[in-house]
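**Student:** Sequence:
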Amino acid sequence: MSDLPDELPSDPAELRAFAAALLDRCARLERLLKLAKDAQFGRSSEKLDADQLQLVLEDIEEAVAALEATEDRANPRVCEKRAAARRANRGQLPEHLPHIVETLMPAETCCPCCKGDLFEIGHDESQRLDVVPAQYRVIVTRRPKLACRACHGVVLQHAARERLIRGGLPTERLVAHVIDAKYHWHLPLYRQAQMLGERHEGITGARA
Numbered sequence: 678m679s680d681l682p683d684e685l686p687s688d689p690a691e692l693r694a695f696a697a698a699l700l701d702r703c704a705r706l707e708r709l710l711k712l713a714k715d716a717q718f719g720r721s722s723e724k725l726d727a728d729q730l731q732l733v734l735e736d737i738e739e740a741v742a743a744l745e746a747t748e749d750r751a752n753p754r755v756c757e758k759r760a761a762a763r764r765a766n767r768g769q770l771p772e773h774l775p776h777i778v779e780t781l782m783p784a785e786t787c788c789p790c791c792k793g794d795l796f797e798i799g800h801d802e803s804q805r806l807d808v809v810p811a812q813y814r815v816i817v818t819r820r821p822k823l824a825c826r827a828c829h830g831v832v833l834q835h836a837a838r839e840r841l842i843r844g845g846l847p848t849e850r851l852v853a854h855v856i857d858a859k860y861h862w863h864l865p866l867y868r869q870a871q872m873l874g875e876r877h878e879g880i881t882g883a884r885a
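Under this note's numbering, the sequence shown is numbered contiguously, ending at residue 885.
Check each hint, because a few of them may be wrong.
Each pair of labels, with its calculated beta carbon distance range [claimed, not checked]:
| id | residue 1 | residue 2 | range |
| --- | --- | --- | --- |
| 1 | 868 | 814 | 41 to 49 angstroms |
| 2 | 861 | 810 | 13 to 21 angstroms |
| 3 | 772 | 814 | 46 to 54 angstroms |
| 4 | 774 | 691 | 38 to 46 angstroms |
| 5 | 820 | 779 | 39 to 47 angstroms |
| 6 | 772 | 843 | 40 to 48 angstroms |
| 7 | 778 | 858 | 45 to 53 angstroms |
| 8 | 873 | 770 | 56 to 64 angstroms |
| 9 | 783 | 873 | 25 to 33 angstroms |
| 10 | 818 | 770 | 32 to 40 angstroms |
Treat the hints as calculated values from the structure; they're not laboratory data. All C-beta atoms in this analysis are idealised placements derived from N, C-alpha and C, irrespective of residue type, glycine included.
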């Protein structure tokens with residue numbers, strides 16, 4: 678949502694329309710804020726389910742879009758600034774993320790007229806945000822037993838490593854992932870178990 682424009686409309690009718698839009702925005706946002714608070718902090722009987730919360734978010738998006746449309750009609754300069762900001766931000770993703778560069782070369786790399794070699798004079802570049810889903814893997818720890826052919830009964834072997842959960846299958850990294858999902862992202866253990874079973878057949882997410 679944009680802030681107030683630097684210059685208010687000078688025409689009285691446009692100014693009244695702008696003020697009415699602001700009042701309507703306040704009323705909408707106060708109602709939506711109350712619904713959002715009820716969804717998060719209300720009693721169990723008052724909390725919104727996922728579908729109701731989605732409707733609240735859609736109402737917020739509609740309210741923001743309606744307000745921006747009203748501002749654009751009342752002040753064309755606001756519309757121009759907003760459009761310029763969107764053009765500037767489009768496709769600009771954080772630099773700290775890993776970048777996978779793929780180069781798409783034309784099917785033909787020689788001149789269609791003289792058949793000479795072509796050279797690059799520039800390129801167009803675009804960015805998209807991708808995701809690598811969580812990958813579960815099996816850590817296999819082998820402890821070879823070494824025996825002496827000359828000495829009977831001599832067998833050496835590395836001691837077994839201590840596990841965070843005695844007799845358990847998860848590694849320390851997996852335990853940390855589950856704890857972070859539960860307490861940071863408020864994802865209950867039973868939901869994590871369901872997600873694990875649905876995405877990776879053969880893995881049971883029984884809670885211990």
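**Student:** Each hint should be assessed against the structure and marked as holding or not.
**Tutor:** Evaluated hints:
Look at residue 868 against residue 814: about 22 angstroms separates their beta carbons, and that is not inside 41 to 49 angstroms. Take residue 861 and residue 810: their Cβ atoms lie about 19 angstroms apart, and the range 13 to 21 angstroms holds. For residue 772 and residue 814, the hinted distance range of 46 to 54 angstroms is not satisfied, since their beta carbons lie about 29 angstroms from each other. Taking the beta carbon of each, residue 774 and residue 691 are about 43 angstroms apart, inside 38 to 46 angstroms as hinted.
Under the hint 39 to 47 angstroms, the C-beta atoms of residue 820 and residue 779, about 43 angstroms apart, fit the expected range. Remark: the range hint 40 to 48 angstroms for residue 772 to residue 843 is upheld by a beta-carbon distance near 44 angstroms. At about 32 angstroms, the beta-carbon gap between residue 778 and residue 858 misses the expected band of 45 to 53 angstroms. The hinted range of 56 to 64 angstroms is not satisfied by residue 873 and residue 770, whose Cβ atoms lie roughly 29 angstroms apart.
A hinted range of 25 to 33 angstroms is violated for the C-beta pair residue 783 and residue 873, which are about 45 angstroms apart. With their beta carbons about 39 angstroms apart, residue 818 and residue 770 fall inside the hinted range of 32 to 40 angstroms.
Of the numbered hints listed earlier, those contradicted by the structure are 1, 3, 7, 8 and 9.
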